[in-house]
Amino acid sequence: MKNGKEDFLYPRSRYYGEVKPENLVFNANLQEFANKVSIICGLETGGKITTIEAYEEIKAIWKELKHSKRELHIGEQPEEGN
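In the working numbering, the protein residues as written are 1 to 82.
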C-alpha cells in the first residue's frame with residue numbers, strides 16, 4: 001500500500017474507459033507522463049533546470065509514451081478475418 005507522501009507526489013486517477021489490460025497499462029503510463037511533465041515544469045519554473053533542459057526531458061518522456069502506445073496497439077483498428 002502506498003504511503004501518504006507517494007499519494008501526494010504521484011496521484012493516480014481512477015480509469016473509466018474500456019477495461020482491457022492494454023488500456024489500463026497505457027492509462028498508467030499516461031498518468032506517469034503527466035506527473036513527470038508537472039515536475040519538470042516546476043523545476044524549470046523554479047530555475048533548477050533550463051528551458052532547453054525541460055524541453056529535452058519532456059521530449060524524451062513523450063517518445064517513451066509514444067513507444068508505449070505503439071507497443072500496446074492503442075488506437076489501432078483490430079484485424080478482422082481469421
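Keep in mind that the hints were calculated from the coordinates and are not lab data. Computed from a prediction, not measured in an experiment: that's the story for all the values here. Just so you know, not all the hints are guaranteed correct.
[As the list claims (entries may be wrong)] Below, a list of computed lysine to any residue pairs in the SDA-like style, where the Cα atoms sit at most 25 Å apart: (1) Lys59 x Pro78; (2) Lys69 x Ile40; (3) Lys5 x Ile61.
A quick look at each hint next to the structure:
1. Between the alpha carbons of Lys59 and Pro78 the distance comes to roughly 29 Å, so the proposed pair goes past 25 Å and is violated.
2. Under the criterion of a C-alpha separation no larger than 25 Å, the hint pairing Lys69 with Ile40 is consistent with the structure, at around 22 Å.
3. For the hint linking Lys5 to Ile61, the alpha-carbon distance of about 23 Å falls within 25 Å, and the restraint holds.
Checked against the numbered hints above, the structure violates only hint 1.
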